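Please model the complete structure; the sequences and the hints are all you need to start from.
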Amino acid sequence: MSSAFKMADFSFAAPIIFVALWACVVLLASAFSTKSSKLGPLTAFGFVIGLVITGYFWTALEQPRMSVFSGMLVLDRFSLFLDMIFLLAGLLTSLVAHGYVEEHGFAESEFYAVIALSVVGMMLMGHAGDFIIVVIGLETMSLGVYSLVASWTDKRKSTEAGLKYFVMGAVASGFLVYGIALLYGATGSTRLLVITSRAAAHIGDPLYIIGLFMVFGALAFKVALVPFHMWTPDAYEGAPTPITGFMAAAVKTAGFGLLVRAVSTIFSGESFAYGSTGWINIAWMLSMLTMTVGNVLALRQTNIKRMLAYSSIAHAGYIMLGVIAIPVLGLDPSAVLLYLLQYAVTTIGAFGVVAWVGRRDAENTGLEQWAGLGARKPAAALAMTIFMLSLGGIPPTAGFFAKLYLFKSAMGHPSLLILVVIAAINSVISIFYYLKPIVAMYFRDAGGEPIAEPMRSSSLSVAITLAAIIVFLLGMVPGSALEMAIKSTIGG
Amino acid sequence: MLTNYLPIVVVFAVAGGLGIALLIIARLIGPSRPNPTKMQPYEAGLEQSAPPRIRFHAQFYRVALLFLVFDIEAAFFYPWAVMFRDLSCKGSLNAAGKCTAGATPFGMLVMVAFLAILLLALVFVWRRKALEWD
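Line by line, the protein sequences are chains A and B. If you're matching positions, the first sequence starts at 438 in the working numbering and goes up one per residue. If you're matching positions, the second sequence starts at 127 in the working numbering and goes up one per residue.
Honestly, I wouldn't trust all of these hints.
Residues from chain B that keep clear of chain A, each with C-beta distances beyond 12 Å, as calculated [unchecked claim]: (1) T129; (2) G143; (3) G156; (4) S158; (5) P160; (6) E169; (7) E173; (8) Q185; (9) L192; (10) V195; (11) A201; (12) A222; (13) A247; (14) E258.
Quick list of in silico lysine to any residue cross-link-like pairs, SDA-like style, CA-CA up to 25 Å [what the hints assert, rightly or not]: (15) K594/A with I617/A; (16) K924/A with D769/A; (17) K255/B with G542/A; (18) K475/A with W252/B.
Ranges of calculated distance between the beta carbons of each label pair, as one might list FRET restraints [stated by the list, open to error]: (19) Q166/B with E597/A: 36 to 46 Å; (20) S895/A with I180/B: 50 to 60 Å; (21) I868/A with D260/B: 55 to 65 Å.
Derived from the structure by calculation, the hints contain no laboratory data. Model, not experiment: these values are computed from the prediction. Heads up, the beta-carbon is just placed ideally off N, CA and C, and yes, glycines get one too.
Right under this line is the structure:
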């Protein structure tokens with residue numbers, strides 16, 4: 438028994454274990470301090486240390502792929518890069534949440550510990566080498582995020598959003614577990630690589646194919662691909678604004694990370710991937726639908742949170758395009774990773790500004806309430822402008838470069854070229870609604886009394902400034918980040 | 127194979143059949159003269175004092191939840207105790223159940239780690255006054 442587990446395995450899982458321990462520290466601190474005034478920065482500090490540890494592992498990793506806990510966890514640069522995105526998202530979210538929670542005065546003290554624990558779940562998903570870990574990670578993440586969405590207990594919409602997300606998410610988890618059960622029934626293993634190696638014996642096996650599609654459907658739900666996106670606008674609008682950003686950034690990244698891992702392992706079988714009923718064909722259609730539906734519905738929104746929710750659906754479509762390109766063109770996942778990184782930072786920044794503009798009893802998420810913000814609060818307006826330009830893919834921001842790199846790397850195949858053209862048209866459409874907040878802030882006069890008066894919070898300002906700088910730097914000097922993403926290959 | 131289960135099926139058939147038969151016989155030959163007192167739900171022969179559907183205080187759910195957590199803790203002890211010899215051995219056990227290689231603290235440490243996390247949860251609910259009734 439013990440020969441299967443080595444004590445050394447624990448040291449290789451250090452980034453995950455550290456964040457889990459830090460969550461315990463935050464939980465204890467919240468239990469013993471009477472007011473929760475320092476918990477946000479405390480959590481953020483833990484994420485910074487986590488980033489340093491993960492960064493060290495990323496540079497020090499000698500083999501392309503390490504298998505720890507007898508294959509349960511996988512350690513490769515791909516998963517460590519994902520970890521860094523999660524930790525960065527957690528860092529920015531806890532800083533934004535600190536200001537937001539203080540202003541609105543709603544959260545119980547376990548709020549920050551739950552953020553850290555859901556990051557642990559995401560990291561487990563990224564490192565998963567076995568479906569058992571996939572389920573544990575996904576549930577740890579999801580249960581945390583459900584309760585975070587519903588954490589504003591005084592607000593009906595928050596509770597409603599949490600319940601909707603929970604019910605829909607539970608169905609998706611059910612699909613995932615059922616799919617895994619079918620795959621286990623067909624192949625006799627839950628280990629991703631073992632399932633992959635036995636795939637050849639199960640070509641045309643309905644048990645196997647239905648199992649794979651159930652797993653695919655569950656992941657499509659988590660990343661909100663059309664037609665699995667129905668929960669997104671309600672859950673995003675009702676959740677506390679920093680948590681909305683966290684969901685759009687980190688939960689989506691975790692889902693796509695797992696999808697890319699699946700694409701390089703269990704989805705890689707020729708018969709399952711290609712042909713008219715192969716998953717690539719279906720994913721092509723989902724990608725096209727997702728970006729188009731997301732963008733078209735975003736056009737009509739006047740609530741900024743809802744608009745950004747639909748925009749996040751559209752971005753899931755773009756990222757899906759990158760995911761399809763990986764097996765079709767034999768690419769490394771660098772384009773997807775870079776896109777996920779910039780999207781995570783940009784979207785948390787954008788939701789951070791939305792959180793900034795709200796005051797107690799007035800969240801000010803309507804576009805008309807943003808009129809004249811550019812003259813009164815130039816810094817906030819400038820930050821929002823950078824984030825909107827980045828989401829729209831306009832230079833010199835991170836969004837432009839990542840989108841360019843993603844589209845360019847996917848163009849090598851005729852059917853993907855069609856998808857790239859559709860994505861480019863969609864990007865042009867999306868600029869229209871991304872410009873709406875900018876127009877409202879700079880070119881609309883509030884007339885008389887200012888409607889939205891941003892809150893004062895140093896941690897929120899730090900988070901938004903940090904996000905804006907990262908977005909700007911990734912757009913201007915993307916070289917080192919790109920190099921890092923290219924090195925972050927999936928091992929084995 | 128399945129014929130082994132035949133006696134059980136017979137028992138269920140006899141029990142179910144007898145119950146249904148008694149109900150039918152009572153319906154057929156018994157006199158039926160209902161009055162309001164007779165129609166009341168039976169409550170130990172006394173008059174009914176409260177509606178049968180009671181709404182429990184929300185506190186009970188919290189207690190039930192906490193009970194569940196610490197009950198599962200106890201449930202985890204059994205498999206751990208059974209496997210303790212394996213977990214504390216560097217190699218594998220021989221046929222007599224003796225450890226051939228050296229000992230390792232692994233088996234002890236996993237349970238200590240598990241209990242530490244649980245203890246943390248207990249401290250948390252205690253400090254947050256979840257164990258107090260009001």
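Quiz item: Broken hints, numbered, in rising order?
Solution: Violated hints: 13 and 15; rest satisfied.
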